[in-house]
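Engineer: Next come the chains, spelled out residue by residue.
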Amino acid sequence: MSIDKDTVKHISKLAKISLDEKKISDLSKDLSSIMKFIEKLNKLNTDNITPLTSIINASLKSRIDEVNDGKIRDQILKNSPENNEEFFVVPKVID
Amino acid sequence: MSNISQLSLTKIVKGIKKKEFTSEEVTKVFIANSKKSKKLNTYITECFDEALISAKNFDKKKDYNGLLSGIPIAIKDLFCTKDIKTTAGSKILNNFIPTYESTVTKNLWSQGAFLLGKLNCDEFAMGSSNETSFFGNVINPYGEKIVPGGSSGGSASALAAELTPATIGTDTGGSIRQPASFTGTVGLKPTYGRCSRWGIVAFASSLDQAGPMTKNVEDCALLLQAMSSYDPKDSTSIDIKVENYSSKLTEKVKGLKIGIPKEYRVDDMPVEIDSLWKKGIDYLKDAGAVIKNISLPHTMYALPTYYIVAPAEASSNLARYDGVKYGHRAKGNNLIEMYENTRSEGFGNEVKRRILIGTYVLSSGYYDAYYLKAQKVRQLIKNDFDKSFTEVDAILTPSTPSSAFKIGDKTDDPISMYLNDIFTVPVNLSGLPAISVPAGYDKNNLPLGLQLIGKPFDEQTILNLSLAIEKRVNFKKNFKNWWC
Amino acid sequence: MGEKKFDYFISGDKAKWEVVIGLEVHAQVLSKSKLFSSSSTKFGADPNTQVSLVDSGFPGMLPVINQFCIEQSIKTGLGLKAKINLYSVFDRKNYFYADLPQGYQISQYKNPIVGEGEVILDLPYGSKKVGIERLHLEQDAGKSIHDMDPENTFVDLNRSGVALMEIVSKPDLRSPEEVNFYIKKLRSIMRYLGTCDGNMQEGSLRADVNVSVRKIGDKKFGTRCEIKNVNSIKFMQAAIEYEANRQVDLLETGKNIDQETRLFDTKKNITRSMRSKENAHDYRYFPDPDLLPLKIDKSLISKLEKELPELPDEKKERFMKEHKLSSYEANILVSDKEISDFYEEVIKSCDKKLATNWITVELFAVLNKKNLNISQSPVSAKNLSSLIKMISSGKISGKIAKYVFEKMQVDNKDPNQIVEKESLIQQSDPKELEKIIVSVLLKNKDKVAQYKSGKEKLFGYFVGEVMKLSKGKANPQLVNQILKNNLK
Chain Y
1 MSIDKDTVKH ISKLAKISLD EKKISDLSKD LSSIMKFIEK LNKLNTDNIT
51 PLTSIINASL KSRIDEVNDG KIRDQILKNS PENNEEFFVV PKVID
Chain A
1 MSNISQLSLT KIVKGIKKKE FTSEEVTKVF IANSKKSKKL NTYITECFDE
51 ALISAKNFDK KKDYNGLLSG IPIAIKDLFC TKDIKTTAGS KILNNFIPTY
101 ESTVTKNLWS QGAFLLGKLN CDEFAMGSSN ETSFFGNVIN PYGEKIVPGG
151 SSGGSASALA AELTPATIGT DTGGSIRQPA SFTGTVGLKP TYGRCSRWGI
201 VAFASSLDQA GPMTKNVEDC ALLLQAMSSY DPKDSTSIDI KVENYSSKLT
251 EKVKGLKIGI PKEYRVDDMP VEIDSLWKKG IDYLKDAGAV IKNISLPHTM
301 YALPTYYIVA PAEASSNLAR YDGVKYGHRA KGNNLIEMYE NTRSEGFGNE
351 VKRRILIGTY VLSSGYYDAY YLKAQKVRQL IKNDFDKSFT EVDAILTPST
401 PSSAFKIGDK TDDPISMYLN DIFTVPVNLS GLPAISVPAG YDKNNLPLGL
451 QLIGKPFDEQ TILNLSLAIE KRVNFKKNFK NWWC
Chain D
1 MGEKKFDYFI SGDKAKWEVV IGLEVHAQVL SKSKLFSSSS TKFGADPNTQ
51 VSLVDSGFPG MLPVINQFCI EQSIKTGLGL KAKINLYSVF DRKNYFYADL
101 PQGYQISQYK NPIVGEGEVI LDLPYGSKKV GIERLHLEQD AGKSIHDMDP
151 ENTFVDLNRS GVALMEIVSK PDLRSPEEVN FYIKKLRSIM RYLGTCDGNM
201 QEGSLRADVN VSVRKIGDKK FGTRCEIKNV NSIKFMQAAI EYEANRQVDL
251 LETGKNIDQE TRLFDTKKNI TRSMRSKENA HDYRYFPDPD LLPLKIDKSL
301 ISKLEKELPE LPDEKKERFM KEHKLSSYEA NILVSDKEIS DFYEEVIKSC
351 DKKLATNWIT VELFAVLNKK NLNISQSPVS AKNLSSLIKM ISSGKISGKI
401 AKYVFEKMQV DNKDPNQIVE KESLIQQSDP KELEKIIVSV LLKNKDKVAQ
451 YKSGKEKLFG YFVGEVMKLS KGKANPQLVN QILKNNLK
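Chains as they are written, first to last, in the working numbering: chain Y, 1 to 95; chain A, 1 to 484; chain D, 1 to 488.
Derived by calculation from the structure, the hints in this document are not laboratory data.
Cβ coordinates follow ideal geometry from the N, Cα and C atoms, glycine included.
One or more hints might be untrue.
[As the list claims (entries may be wrong)] List time: in silico DSSO-like cross-link candidates among lysine-lysine, alpha-carbon distance up to 30 Å:
no., chain 1, residue 1, chain 2, residue 2
1, A, 91, Y, 5
2, D, 185, D, 255
3, D, 303, Y, 61
4, A, 35, A, 62
5, Y, 92, Y, 71
6, A, 106, Y, 61
[To be verified] One side of the interface only, derived from the structure: several residues of chain A facing chain Y at Cβ under 10 Å:
no., residue
7, 318
8, 322
9, 332
Make a model of the complete structure from these sequences and hints.
Structural biologist: Okay, here's the thing in C-alpha cells:
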C-alpha cells in the first residue's frame, strides 16, 4: 500500500504535526517503503490465531481506594511553559 | 590512578569496600576521563560537581552495605532523574526537569551509587545508531566515523571509553544489545516486567525494558540485581523475587541445552557473523553444553511485526508531548496550531516517521489489517519460543547482522537501518530476557557480539552461559584512545 | 392501570413522526480516589490541587487501577440486572485536547466490564422496559475554562482521571418525558447502590443524547445525531424537542440528515453543529499496553450481590405488599433512597398510613416550598414519628397536629415538648366533654330547639362553640358522639 500525499496530510492532522510540502513529499516516500516492508505480514495466514493481549501471564493488579496523592500543584505546574500559579494556560480553542 | 577506570565495576566496588581507594578518587578518575572525551559526544548533561559532592559525602559516611556503594554512574537520558534535566534525546524535552525519580534509578541510588551524568541516546529511543538525537551523534570509541549503535549509543560508547564504570540503558527492539555488540561491551535486556518502567520515558509500552550495560558478565549480574524490583506503581511489573545473580553466577553450564535456530541464518549473512556464531557453538560445547538445532519458523515476520506494534504504541505514548504541561511550546494562534507547530518543531525526522506510521496502522479501516494482524503474528512468534523452550534452556544467535557501520551509511534508508535489529527484535516481541556478550572482531577490527536468549525470568542461565563464553573468548579491547 | 396513553409524536406537514432516543449517560463513580491514580475526587477543590503526576501525563507515568471503582461498576451492573463480563479490556481512545493531558483517554471499547441489562420505568401510561446496551469504565477529562481570559484557555486537571461509568441505553426511549423518567430511575438506582451521587449540578451525571426520527410504522431507524454533554434533564428535554423537530423539517423538505455531533446551546435553546471539522474523530482505539486485561472472579460478583441493598423496584413491591401502599404512594417513597430511608425510619414506631400521608403530603409541601431535599428536612424522622404517634393515640387532633408540625420546623423541636408547653393535649375525657357540651347547649336553648325541629346545619355551630370553649382541644370524634347523644 503506498501512502500518497493526501494520506500523509490526513495522518499528520490526526497526529497534530504540521508538515510543509517538501516534508509531505519525503514522508510519502519513506512511509510507503515502510508500509511495503510491513506488508510482508500479509503472506502469513493468521485466521484462527487469537491476538496477543499481553506478554505477561498475570492478572491486572489493583490498588486500594485511598487518597495519598495530589496536593502538589507547584510540582505539577513547575515545568509548564505558561501558567498563572493556578492553571495551565493555553491558546484558545476554536470550537 | 588512571588504572581505576580500567577496572571492572565489581572490582571497583570491592576496592572501595577494602579502602584501596576512596569514592572520591574513583569519581575524579571518571570525571577526568569524561571531560577529555567530549568528541565522543556521549553526555547530554554532566553532573560532575554534584557527583563529587556525593562521593565526598560517601567517604565521610562510609556506608558499605549497598551493592554499588560509592559508585558514580552515568545513565541513559531516558530515565527521569529528580531535579536533573531529562531530555530523551529530544528537543521537545530539552528543558524538562522532572520532580520525580524513576524507580530503577532510585534502586541504584539506594544501593549506594550516585549520578555522574545523563547520556546521549537516539531521540525517544528510536534508532539503531544514535544518529537521531537532537544533541548530535555519538561516536564509537572504535573509530571516529563509526556509530556506537542505538538507541543506547551514548551509554555504550561511554562505557567502552571508560567514562563510567557501568551504565544502564533501555531496550525496545535491541537498543541495549545492539550497541553492546557494536562497542565490545555486555548488555542485557531483562524479562519484560523484571524492571519497573515507572519514570522511564515511554517509547513502546509492551516492549520497553531497562537493563544493565557493563564491561563484563560479572558486572552485569551485579547491576541487574541492583536495578530490579517489583513496583506496584507499574501495572506491568511482575512480583517475582529478584535473585542474587552474582552469588549464583557460574561458568559451570554442563548439560544445558542450547538451541540454534535455523531461521536466524539469514540470506546474505556475512561470513564473519556466521563463523562467529559457529565459534560460539564451539565455546559452549567446550563448556559442556549440548547443542540442539531448533526452528523458530516465524522469525522472518518479527521485524515487520515490530514496525507495526512499536510505532503504534509510540504514536499514542508521544501524544502527551503537546506543549501544554512541560517541554517545548511553539507559537500558535490557537490551540491546534500550537500543537502542530510544537510537535513539528520538537520532534526529529525518525520520530515523526514512526508517529505517522503508528497513527496510520491504528487508524480507522486499517486497524484489523495491520495492528490486529501484528498482534496475532506476535502470538505466533511467542509460541515459537515457548515451544523451543520445552526442548532447550537457552538459544544462541549472533547479536547483530554486521559490525558497527559508518556514520551516515544508513540514514537515507529507514529500512536498512531497521534491519540492524533483525536478531534482537523477536526477543522483545516475546518478552524474553537476552544478553549480548562480546565474542570477537571482524576483519575491520570492529567488535561482534553473540546473543543468548533465555526463558522468562531465567536471567541466571543466560548470565552463566555468557560467562562461559566470555572466559573462552578472552575479549580484549583493541582500540587506543584517539579522541583526546 | 393508567388511562393515559403515550402520545408524543411530531406532526409534520406530511406525516406523523416518532422520535427515537438513546442515551449515553456518564456517571461519576463515588470513590475517594481516581480510577488510575490516588488523587482525591472531591468536588470544588482549588484548581490543580487534586492532580498527581499520573493525572497530568508526565513522562514515564503509569496507571494503576482502583479496586473499588471496579466493584462500584459491578454493583451498578447488578442494579441494572446486567451481565457482568468476567473478562474486560481497557483501551486507549486517542485524541488531542487541552484537558486531556495524555493525549488519550483510558476507556473500554470492545470488551466492557458490563454487558446487556434493563431498567424498568413506571410511566403514567404503564410500565416500560428500557434496554441497557452496556456499561464501561473510563477516565473523566479535566476542565477547560474559556471565559476567564480573552485570548487564553485555562486548564484545571482536578477532574482528569476521575472514574466514570458510561451507561449506554438501547434506542428504546420515545419522548422527552421518558428521558426524564429514565434519568431519574438510573440516578435513583445508583444512589441506592451508593455508586454515584447523581448530582447533576456538580457534574456527577451528564449525558450524550442520540436523536433520530422516523415515520410511524417504519421499522428502520433514521439517521441519528448526537447531542453532546448535556448536564440537566431540562436541557435534555429541550434539546430533544428542538432536534426532533429540526430533523422532521429537513426530512419533510426532502433533505438528508447528516450524521453528526451537535451541541445544545442553552442560551438559544437550539442544537447546533460543532464548528470544528474534528467531527469525524478517528479515535484509533487499541488495548492499553500499560494495563493487563481485567479478569473478575465469580466469587467477587457473588459477594457484591449478597451485599446489594434493596433496590427501588423491590422496595416498591415490598411497600405495596407489606405496608398496603398504593403504587402511586410507593413510587414517591422509593423514588430516592433518602426518602425511603426517612420513611422507614419514621414507621419504625408509628402508623404506616399516617406516615405515608404526612411525608408525601405535609412534609413534601414544606420541602417543595422551601426548595429543600429530604436530607435538609427541617423536621427529623424521629420527631415526625413522635407527632404521628400522638395523633394515633388521640393525644392530639389532626388539626392540632398541623399546628404543632409548623412549630416543629423551627429548630426541629420535639413535638412532645411543644404539646406540653402549650397545653395542646386533646381533651378526650368524656366526662369533661359532657360538661362543656351541656353548658353550650344550655346557653343556646333556642338554637337547640331550632335544631330539633329540623335545622340540622346548626350541629356545626354547636361543634364550633364546643371547640371555642375547649380552646380547640376537644377531641372532635368524641364531641360528635357526645353532642349527638345530647341532642336526641
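Engineer: Against the structure shown, which of the earlier numbered hints fail to hold, in ascending order?
Structural biologist: Checked against the structure, the only hint that fails is number 2, while the rest are satisfied.
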